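Make one complex out of these two single chains by using the hints.
Spelled out from the first residue to the last, the chains are:
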Amino acid sequence: MAATNIEVWQQGEIMEISQAANDIKKIVIRQSKPAKADPGSHIDLMVKANGEMVRRSYSVVSQSEDLRDLTLGVFLVPNSRGGSIAVHELTVGDQLDITQPLQNFPLRVGAERYVLIAGGIGVTAIMAMAVVLKRIGANYTLMYAARSSDAMAFREELKAIHGDNLQIFLDEDKNFIQIPELIASLDDNTELYICGPIRLMDAVRRAWTESDLEYTNLRYETFGASGWFNPEEFIVRIPAKNVEVLVDKQHSMLEALEAAGVDMLSDCRKGECGLCEVRVSKLVGRVDHRDVFYSERQKEESEKISCCVSRIVTSDTGLASDASGPAVVEIITT
Amino acid sequence: MVAHNLGSTTTTKITNYPLNAWYVAAWDYEVTRNPISRTIADRPLALYRTEDGKPVALADACWHRLAPLSMGKAVGKDGIQCPYHGIVFNSAGRCISMPAQETVNPSATVPSFPAVQRHRYVWVWLGDPTLADPDTIPNMFQMDHPEWTGDGRTIHADCNYQLIVDNLMDLTHEEFVHGSSIGQAELSESDFTTTHDDTSVTVTRWMKGIYPPPFWKKNLHDVFPGYEGKVDRWQIIRFEAPGTICIDVGVAKADTGAPEGDRSQGVNAFVMNTITPETAKTSHYFWSIQRNYRLDSQTITTQMREGVHGVFGEDEVMLRAQQRAIDANPDYEFYNINIDAGGMWVRRLLERQLLAEGRLGTKQEDGWTE
Numbered sequence: 001m002a003a004t005n006i007e008v009w010q011q012g013e014i015m016e017i018s019q020a021a022n023d024i025k026k027i028v029i030r031q032s033k034p035a036k037a038d039p040g041s042h043i044d045l046m047v048k049a050n051g052e053m054v055r056r057s058y059s060v061v062s063q064s065e066d067l068r069d070l071t072l073g074v075f076l077v078p079n080s081r082g083g084s085i086a087v088h089e090l091t092v093g094d095q096l097d098i099t100q101p102l103q104n105f106p107l108r109v110g111a112e113r114y115v116l117i118a119g120g121i122g123v124t125a126i127m128a129m130a131v132v133l134k135r136i137g138a139n140y141t142l143m144y145a146a147r148s149s150d151a152m153a154f155r156e157e158l159k160a161i162h163g164d165n166l167q168i169f170l171d172e173d174k175n176f177i178q179i180p181e182l183i184a185s186l187d188d189n190t191e192l193y194i195c196g197p198i199r200l201m202d203a204v205r206r207a208w209t210e211s212d213l214e215y216t217n218l219r220y221e222t223f224g225a226s227g228w229f230n231p232e233e234f235i236v237r238i239p240a241k242n243v244e245v246l247v248d249k250q251h252s253m254l255e256a257l258e259a260a261g262v263d264m265l266s267d268c269r270k271g272e273c274g275l276c277e278v279r280v281s282k283l284v285g286r287v288d289h290r291d292v293f294y295s296e297r298q299k300e301e302s303e304k305i306s307c308c309v310s311r312i313v314t315s316d317t318g319l320a321s322d323a324s325g326p327a328v329v330e331i332i333t334t
Numbered sequence: 001m002v003a004h005n006l007g008s009t010t011t012t013k014i015t016n017y018p019l020n021a022w023y024v025a026a027w028d029y030e031v032t033r034n035p036i037s038r039t040i041a042d043r044p045l046a047l048y049r050t051e052d053g054k055p056v057a058l059a060d061a062c063w064h065r066l067a068p069l070s071m072g073k074a075v076g077k078d079g080i081q082c083p084y085h086g087i088v089f090n091s092a093g094r095c096i097s098m099p100a101q102e103t104v105n106p107s108a109t110v111p112s113f114p115a116v117q118r119h120r121y122v123w124v125w126l127g128d129p130t131l132a133d134p135d136t137i138p139n140m141f142q143m144d145h146p147e148w149t150g151d152g153r154t155i156h157a158d159c160n161y162q163l164i165v166d167n168l169m170d171l172t173h174e175e176f177v178h179g180s181s182i183g184q185a186e187l188s189e190s191d192f193t194t195t196h197d198d199t200s201v202t203v204t205r206w207m208k209g210i211y212p213p214p215f216w217k218k219n220l221h222d223v224f225p226g227y228e229g230k231v232d233r234w235q236i237i238r239f240e241a242p243g244t245i246c247i248d249v250g251v252a253k254a255d256t257g258a259p260e261g262d263r264s265q266g267v268n269a270f271v272m273n274t275i276t277p278e279t280a281k282t283s284h285y286f287w288s289i290q291r292n293y294r295l296d297s298q299t300i301t302t303q304m305r306e307g308v309h310g311v312f313g314e315d316e317v318m319l320r321a322q323q324r325a326i327d328a329n330p331d332y333e334f335y336n337i338n339i340d341a342g343g344m345w346v347r348r349l350l351e352r353q354l355l356a357e358g359r360l361g362t363k364q365e366d367g368w369t370e
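Chains as they are written, first to last, in the numbering used here: chain A, 1 to 334; chain B, 1 to 370.
Every clue listed holds true.
To be clear about the criterion: a stretch of chain A counts as covered by chain B if any three or more of its residues have a C-beta under 8 Å from a C-beta of chain B, and this derived list gives those stretches: (1) 123-136; (2) 216-225; (3) 272-286; (4) 292-304.
Once the Cα atoms are required to be at most 20 Å apart in a straight line, the calculated EDC-like pairs of lysine to aspartate or glutamate come out as: (5) B/Lys54 - A/Asp188; (6) A/Lys282 - A/Glu300; (7) B/Lys230 - B/Glu186; (8) A/Lys299 - B/Glu102; (9) B/Lys77 - A/Asp212.
If you're looking for bench data, these hints aren't it; they were derived computationally from the structure. Quick caveat, the model's predicted, so the values are computed rather than measured. In this text, a Cβ means the ideal position worked out from N, Cα and C, and glycines have one as well.
In isolation and in its complexed conformation, chain B is listed as follows (with noise of 0.2 Å):
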């Protein structure tokens, strides 16, 4: 492997991740006073509530004999009991229970990591505890937002899980891997900008005057009907470090000022996508798409849900296909084009991240290709 220059960025191909970051174990739903057990950034978590509701991670197995908690049965207002010995642990991690003895060994502790709801996710941090503060939490207000309406689900992605933020820093393969769809010619056909801050990458592609592909067309026709015309079509993918991705999405009949600001004449949607590490080579995809329009419609939300949900199992083929490939290639590199550049400014600001947790490429002997 070259040297990293981090002037000028890498060719990595698989990316380490930062554990000084929120990511999200499970939706809400899932998580319930009964513990299930969820790998996140290679640590296995027993993600459970306590009876006021607060959600609790903590690591998967046991002080004792490390036999998983997750296996065991929720106990008393916050405790969870393994399954094994019985041994009774809190929300914080802290013993509260053992048998065959009359006291509690003070050492008796598993790791409880900070967790938090929001965004109809349960979000958890793996680094340094001093330095989780929820306020960094992306924002993906669309989620429970009154004015939004929406539904997803989660793929459990066979790749690691930069290769699914390059998937959505570049839409142009839209028009290759999604041709019934969403994809058309006119992806590749058009200019986009890019644009970075310290913790965030924004790319936007307009695409005027032009016949909307067949999933645009429908939803369009779900508040103008009869509309065969022309539309402006937009992408705005905004990255927020390190692997949340909400993309603003629409088509409004063309020449009414969507590109100004009007979107009246139109349909808008927000793809939220959020991706969690779970190993190097792994990862949970958590992803909904919200609309602002006919909100009563369950049958929309029902469709549209489906219709991505069609979308995405194709990445899926796709993005499990090249993690094979890169594996079966070690010795050979990605070579970088211009479409790269939003994928290449996240690597960016994940390489920083990553280097001031002195955790650049420092799984390499692990396995990892750089």
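Same shape as in the complex, but just chain A (with noise of 0.2 Å):
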């Protein structure tokens, strides 16, 4: 039992649009049936990509006083899926289906030092927990990351607000964020709650698994969304069934075998569960593991893939330029 985790279903109005920044736009969604958005819930929602209804998820960065509108922030993500675009082509007016809010990562009061790593997008997951911990005067700090100035979204809302609990990491300035110093000074006092590219999170969660710190004080949020690699287009054999199917760049392998007839088991589809595991019989390729399911020993494995998003790419490198054609993975299912 999660904190909130019963969907209801009701119907989004889109009130506001506005760029956020490079491919990212702000969006206001008012909900017919209005519910509060605890600090961490996202809402899913239901556009319409290449001609089929997906579902897609997105954190709540801020809500009206009155409960009715939330906000979201939304990236048009490179390689998307279609579900990115199919939201950035809204416009004000717009009825779509959207669920109240859904709570996977809380905010847990009471701590005596909070660090909040947000890099990208992955601020929208973390914003209305700072607000809440400067409303209650809590010792936070709130590390920003993103590729460049232009990238950053609600920048300037954020500098207003935390000041100089706000710390700002810029690519192009050559400012990372220094991970294991950063780990080295926390101790089992501090709660970190992060949300970002899959690069970030795990450089963190490696460096707290090394660490001596409590790994519950470690909070991350992922909709599997985010891979060591660009999307590509591969091809999935279950030689048990005679199924071949092509997985092109916006769909999951899922939803490729789902499409295909095949009759699959799954729940979280974001990589978390690790119900609709599949088995690898054969791989031409190198799998890019999306998911927090399995454990770097099961990973460096990969005799088992969470096929809600991980993805099969067809070098190391991530370079396709070399290889004859797409990746080729047989399986063995359910």
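This is how it looks when you write it as structure tokens:
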């Protein structure tokens, strides 16, 4: 039982759209059945992408006082699976099906110190937390990293609210979060909340795991959308079922198998629960593990894949140029 | 139901409960390293302590299949293991171990509610945790102060918590419900005053130059053996939102200055009551009677506790019967008379708090009667 995990669907109406940064739109949606969005919560919404309805999750950046309006920040994902393009094409007045806020990333109050790390669009999951910590007078630091100034959404707003509690890191300035030093400076009275691209999350997770810190004090949320490599087309075969499917860049392996009529089991669809596990019997290429279900050891072995989020790429470098065709994986399903 | 006129207050029969409040969940001794189950404000909780002795209140339902964690066992320095599939949560409600996988699902949490030990009770906060300030716990210092002693019990009352608050805010009923112990005709004959502020209501009643009822005659004899004369008796009832009522009670030899502040010729006790809604129609009623004389006598402690237990047993019967009558007569309203002033101020304060939380009358469709 998580804090709020009952899905209540409602109608959302787009009230405002503005550009929050390059490729990031700030979208205000009015709820038909207003519900409170606690820090760390997200909504799921349905949009039409490439002719089919797809479901996407977006963190709630803020909420109006009367609870009706939710603000989201939506990044136009390069090599998008289509969802973010469709959301970017919405216009004021559009109606869409949305859930009431769902909570899988709760902020716990009462810690002596907080470090919040936001990487790129991951800031959307962190912003509401920072506001609460500010309001209750907590000791907190908000570290916000992005590729460039142009790509950094909500920067002025965050500066105005958080002042010296905000630290900005820009790749273009060669200014990076010094993760080992940061982790070494923490103790068991500190909680760290992070949302960002997989490389940042993984680096923090590794440093945390190698330290003596209480591992439950590292809190993170991932929707499985971020990978080590850009998505490529690949071929998945199930020899036992005589199935061969081409997985395009817009779909997950799970979606492609389902579309081909394979009876697949899944639940979270974001790389957490492990129910969509498939076993690898043959691999030409490399697995881009995007889940948080398997351990490092298991990911290195690559005998199993969370097919809801993880993908296959042609080479270890992610460069497909020297490959003669798409990567191929043969699997055994449950 | 007639629309609320907040300027005048209501005849609400069953009151919803505020969530942004500290409620007593248990006596301190009830909460140990091994979990117990208790429902507070319709939320089942698993209550336990860490190895360091800190109280913990987790939702009593495992993240995985909702098995009650209160049936589980203590693990490590602050953990609790689900009795069904062995998932372990720490005191923050975060999973620290899952079966059959090498990692821990980052979503695996159960709600952990703020919990504080104070005044011999464990208090919990079920509302917005960012507002949970332990300094707002009602002052019940007599519960564990070196100059005071006493003991109490818990009543599981089959009625809405507001009915118990009403009961305590007007002690006129003692004459009729508790005739053999503390009741006397002078209760309904004497005048009383009612005052209030934003979070408290006080009802003061002095009965001067009366003969003490049996309970108070006995108590007075514990300090002044053989005194058979008249007394001045007082009841100063103080409510603190949402459910704590501390009643300053006592008798002193008549005309020795007790009303003016000199209680040296009398005996004083505090009846400490705190009422926690369990559901709309059941309540946990924690009480204790504390005194500031003959601190060495365990006999008096036991006698007073058992005496009040007998008295409150009479209230329990009446409150259950009242709740049943309310349920059986949904088309009848309460009517208020002058003795209800204390209870009505309480309702006014609670109503404002419920309105601020957006919870005023929100449960009508589930059976709230208004």
